[in-house]
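With the hints as extra help, turn the sequences into a complete structure.
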Amino acid sequence: MTPGAGTDRAESPVRPGGAPRRSEVSAGWLAFLLNVPTLAGLVLVLAYPICFAGYLSFHEVSIRHLRAGEFPFAGLANFSRLFQDDVFWLSLRHTVVFVVASVALEVVIGLAVALTISDERVWLS
57 MTPGAGTDRA ESPVRPGGAP RRSEVSAGWL AFLLNVPTLA GLVLVLAYPI CFAGYLSFHE
117 VSIRHLRAGE FPFAGLANFS RLFQDDVFWL SLRHTVVFVV ASVALEVVIG LAVALTISDE
177 RVWLS
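Residue numbering for the sequence shown follows our numbering, beginning at 57 and increasing consecutively.
Hints listed in this document are in silico derivations from the structure and should not be mistaken for laboratory results. Predicted model, so just to flag it, every value in this text is computed and none were measured. Ideal Cβ placement from N, Cα and C applies to all residues, glycine included. Keep in mind that a hint or two might mislead.
Now the in silico label distances, taken between C-beta atoms and shown as ranges [claimed, not checked]:
no., residue 1, residue 2, range
1, HIS121, LEU171, 31 to 39 Å
2, PHE139, ALA170, 55 to 63 Å
3, GLU80, HIS121, 32 to 40 Å
4, LEU89, ALA133, 45 to 53 Å
5, VAL169, PHE135, 51 to 59 Å
6, ARG123, ALA168, 53 to 61 Å
7, LEU89, GLY125, 32 to 40 Å
8, ARG137, LEU90, 41 to 49 Å
9, LEU100, ASP175, 41 to 49 Å
10, VAL99, ALA130, 22 to 30 Å
11, VAL169, VAL143, 48 to 56 Å
12, LEU102, SER158, 44 to 52 Å
13, GLU116, VAL153, 29 to 37 Å
Next comes the structure, spelled out in structure tokens:
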């Protein structure tokens, strides 16, 4: 038989301490467990208010209802009233114009700063 043609395999190395214990936590699980409190905080601070606002958008909310603690179901009536309001469409138009203009301006300023920083002549003078 020629060397290397055999089917014998070398045994895998054994850890000095024997088999891993069940109580050991892998690095991935440890990272996940350490991030759980942060994720719980984010859910409380972000997700709950968003869900509650969605809930309130389908109910009639006023000072009288806030004092009583009852919010009668309004369905899509709030949205129907919203889409018929001229002030809403004017506000939406102003918001879109502001967002587009500010993002475009920020991109131009950011690009100008990046090009200035990357230009070697500025740093050599």
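Status of each hint after checking the structure:
1. HIS121 / LEU171: 31 to 39 Å: 56 Å, violated
2. PHE139 / ALA170: 55 to 63 Å: 42 Å, violated
3. GLU80 / HIS121: 32 to 40 Å: About 55 Å separates the Cβ atoms of GLU80 and HIS121, which means 32 to 40 Å is violated.
4. LEU89 / ALA133: 45 to 53 Å: 46 Å, holds
5. VAL169 / PHE135: 51 to 59 Å: Between VAL169 and PHE135, where Cβ atoms are some 43 Å apart, the hint is violated.
6. ARG123 / ALA168: 53 to 61 Å: Since the Cβ atoms of ARG123 and ALA168 sit about 54 Å apart, the hinted range of 53 to 61 Å holds.
7. LEU89 / GLY125: 32 to 40 Å: 39 Å, holds
8. ARG137 / LEU90: 41 to 49 Å: Between ARG137 and LEU90, where Cβ atoms are some 47 Å apart, the hint holds.
9. LEU100 / ASP175: 41 to 49 Å: With Cβ atoms ~47 Å apart, the hint holds.
10. VAL99 / ALA130: 22 to 30 Å: The hint (22 to 30 Å, Cβ to Cβ) holds, given that VAL99 and ALA130 are roughly 27 Å apart.
11. VAL169 / VAL143: 48 to 56 Å: Once the Cβ atoms are compared, 38 Å apart, the range 48 to 56 Å for VAL143 and VAL169 is violated.
12. LEU102 / SER158: 44 to 52 Å: About 23 Å separates the Cβ atoms of LEU102 and SER158, which means 44 to 52 Å is violated.
13. GLU116 / VAL153: 29 to 37 Å: 32 Å, holds
When the structure is compared with the earlier hints, violations turn up for hints 1, 2, 3, 5, 11, 12 and for no others.
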